[in-house]
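Order-wise, the sequence lines are chains H and B.
Okay, so the first sequence: first residue is 1 according to the working numbering, each after it adds one.
Okay, so the second sequence: first residue is 528 according to the working numbering, each after it adds one.
Zero decoy hints are in this set.
In silico contact screen, one side only, chain B against chain H (beta carbon under 8 Å); selected entries:
1) T604
2) A662
3) F666
4) F674
5) S701
6) E841
7) E1029
Under 8 Å between C-beta atoms, here's a sample of chain B residues computed to sit facing chain H:
8) L580
9) I593
10) I610
11) I661
12) G669
13) L677
14) R689
15) L692
16) C696
17) N797
18) M843
19) S851
20) A1021
21) A1032
In short, the hints are calculated from the structure, not lab data.
Just so it is clear, CB atoms sit at the ideal spot from N, CA and C, and this is done for glycine as well.
Read off the chains here:
There are 2 protein chains.
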Amino acid sequence: MNGKKGSIVIKIVDRPENGKKDSGDAGESPARKWIRDVWQFAKEDMNRITFSLKVGLAVLLVSLLILIRAPYEVFGTSIIWSILTVAIMFEYTVGATFNRGFNRALGSLLAGIFAITMMQVAMACGQIAEPYIIALSIFFVGAITSFMKLYPSLVPYEYGFRVILFTYCLIIISGYRMGNPIRTAMDRMYSIAIGGIVTVLVNSLVFPIWAGEQLHLELVGSFNAVADSLEECVKKYLADDGSSHPEFSKTVMDDFADEPAFHKCRATLNSSAKFEAVANSAKWEPPHGRFRHFFYPWSEYVKVGAVLRHCAYEVMALHGCLHSEIQAPYNLRCAFQPEILDATNQAAELLRSLGKDINNMKRSLLTNLLKRVHSSTERLQRSIDMHSYLLTSSHEIQDCPPKLPISQPSNTITRTSKDSHSQVEESESNDEKLNSAYTKQVQGDSYHETMRKQQRRLYSWPSREVDDYEDGDVDTEMLQKMRTFESTAALSLATFASLLIEFVARLDHLVDATDLLARMAKFKEDY
Amino acid sequence: MNGKKGSIVIKIVDRPENGKKDSGDAGESPARKWIRDVWQFAKEDMNRITFSLKVGLAVLLVSLLILIRAPYEVFGTSIIWSILTVAIMFEYTVGATFNRGFNRALGSLLAGIFAITMMQVAMACGQIAEPYIIALSIFFVGAITSFMKLYPSLVPYEYGFRVILFTYCLIIISGYRMGNPIRTAMDRMYSIAIGGIVTVLVNSLVFPIWAGEQLHLELVGSFNAVADSLEECVKKYLADDGSSHPEFSKTVMDDFADEPAFHKCRATLNSSAKFEAVANSAKWEPPHGRFRHFFYPWSEYVKVGAVLRHCAYEVMALHGCLHSEIQAPYNLRCAFQPEILDATNQAAELLRSLGKDINNMKRSLLTNLLKRVHSSTERLQRSIDMHSYLLTSSHEIQDCPPKLPISQPSNTITRTSKDSHSQVEESESNDEKLNSAYTKQVQGDSYHETMRKQQRRLYSWPSREVDDYEDGDVDTEMLQKMRTFESTAALSLATFASLLIEFVARLDHLVDATDLLARMAKFKEDY
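Take the sequences, apply the hints, and build the full model.
Below is the structure:
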């Protein structure tokens, strides 16, 4: 969405400093800083300025109606209702404005009809009963509309119920006090209609901001956010040698300042309500711009968003692994680095391609990409499978760090069942590569040394029981616990890999959902 | 929250059928069904009825002011503004109403002051310039308020900016047209004040619905939802023998009809916006009911909610494991059942205790519970560690199902380093128990048979490549793939356990956050 898609640079980004002309920050007056912030905010999305000027234009147009006297003489004081209508109806997007307008129009109409009927009934009941009937009807209209707007399926029309309530009260009361209710009601209706028409015209004809376009861009942005976050998380996981890890208790789980993509991903997770609201607005919009046919499947966007969130949950779990107290040793992570990185990059590329296809409204099959993602994931699976002894036999390794077990049951079996398939050979060479990588790591940075680094973190788990270690025979009990943790620590790599594989498995559903969207929205085919 | 906390019964709950007097559903008219639905909806939360009747009462009171003639004669037609104010200001909770009232009052005041000032300026500029100055000022007020309400930190005051806009327009225009702007403005202010006062009094004195209470109950409910969902997910994972699994492609990832607790948990995950909105309303409320001191830390509720969501992400990942295409064999899951169940139950109990403590506004240390959670988790870790050969040596098992490897390196090492610590003995007996359980399972339901059941699922992954299996030398290639999947399948149990352990690790943070809340909110201590 913001152009920097290709690669992730993990660094601490100081948000407000993004601007172009940021000279010295020190010694700047608060007023200047404030002006710069506002300017920055406006520059981020020029639609904000457009929207503001459009509201100004709409109220100006309605005010002119009154200032030039003619409509004022026709409608009297009722004309001020047109201003109220503009102020209340003017929403950010065209769809939202149409939606509000519909609520307003239908609400006013229903309230008007009901008020006039009620008025006739009350008048027919005679002078004495009239105020009682009116009062009772007001009470019931208030209670019933308030109850109905709480009902889940009617919540989107909340505004309509408010309109019914106050329009009804206004018409029936001013009718009672000022006489001639139909005349009053009609004048007000015309005024509201004038305000509504001005609002709709200005909103949809002057630089329209379409909810559909917003939804489209939002979805594409979400794809990139998840891809970025996945890459960021994996990169950090592989780069983290446990030395620069902050004290866990200090990393409050909600602010990782050095992980900008994570924040975007979490924003995506929390965006379900926003997606639905924007899609709801988009449904009210006529065909426009790139979305040229009627009944455009906006609800499919919401569904693709839901599947994407489903994938993003796995990224959150991967992120949980990254910041978990129990960490796989650095060298072990290094050993599986090529496979993990490959699977990650392929998955991220697939995600970005999907996002790009949606953005360009193209429908492509992505078969090659999917195949590559699957084969790289299978490679990761196979690698984990073949080296599973690394994941569980940490006891041995700890006893004799540089010596690696040369022949392993799982390996031998794979080799005896040798067939002509090339993948086996590939995985064998891969196997050797891995082993040597592992040996190199182990030799370069001795296992015990790494373990010592890890120790601090192991000690700190479970953080509540740290005090218990202080007394008692620390050596034996601790040794016992340490062993368990070491093994669990190694298994945590398997967890990370499994989550990654599960993420890829879910991509299938994402591809299906995107394909359905592409078919329903009639994206142009591009095979 | 709804009383059924202790145990989870996994069954398909047909939502609308919850009522008491559900006789024959067939042959029922739509109208009757609709009435029953509405009645059901009202019965779920009686506050909904209360709220509706309160709105009715408030509009009735304001209408009476007009019907009894006296205020009408003082304020003239301006008095209808009080009705508008009630309809717009009356919100569900006391805090939200106060917040709206504040926005309305400050907005009206600012608009009034600015309008009167502007009026004087325009009048001083002479007859000809006056309308131009007024029109220009309207345009700028519209543009500036619209821009400001988009600014993130000002979004909560969106309503206030709308009020400024229309109040300004109304005052300045009716002043221009009708003369005597100050008189008009004042009359309208008084009317609005009357409406506002009636709204606030009715809302806060007649069966008040406090946002604070809602937030409190919402948080407690979230604790129970996460605990329920955890138990449900683990129970289903252990009970699922792969036979009754629906075709994966059919379980769209978002509707698991037989998992009511999962839905509640997902609702908790999506509730961040709601939490913040309710907390924002609660801040406006005076001390009331159980929340008796000023500056009650409502924002801490939001923070605890965030930490709880952080835990719930792990539950979502566990749920992902449960519905993953790659599943650990049933017998393997059975082998670790006691440890997994124990850890789950302890964790769920801790969650429920935390929720209960918050509900009762008690501050207890929960040391025993925490210790039990940790020790049961350690037991699970140790068990996974000692039986890690089960997780990786599936090749051998497949070749000779009933024969289990008797001496394993990891085991021997644990035994040679024998110390006097009782935990080792305990884990040894545990070890034997597990082995026998595993053997029993393997004998009862032969491994191959289970594998055949799994096969369908393995075949279907990656679902896109199913067609590839149809042609080519299925046997050799498939065998190769199957082996990899089998091992990965076994490792998926390790993933499940790791996620469970990570969940427990996060509980520490939850305990800390809850404790901070208890201290700041001055819950009564109960050690």
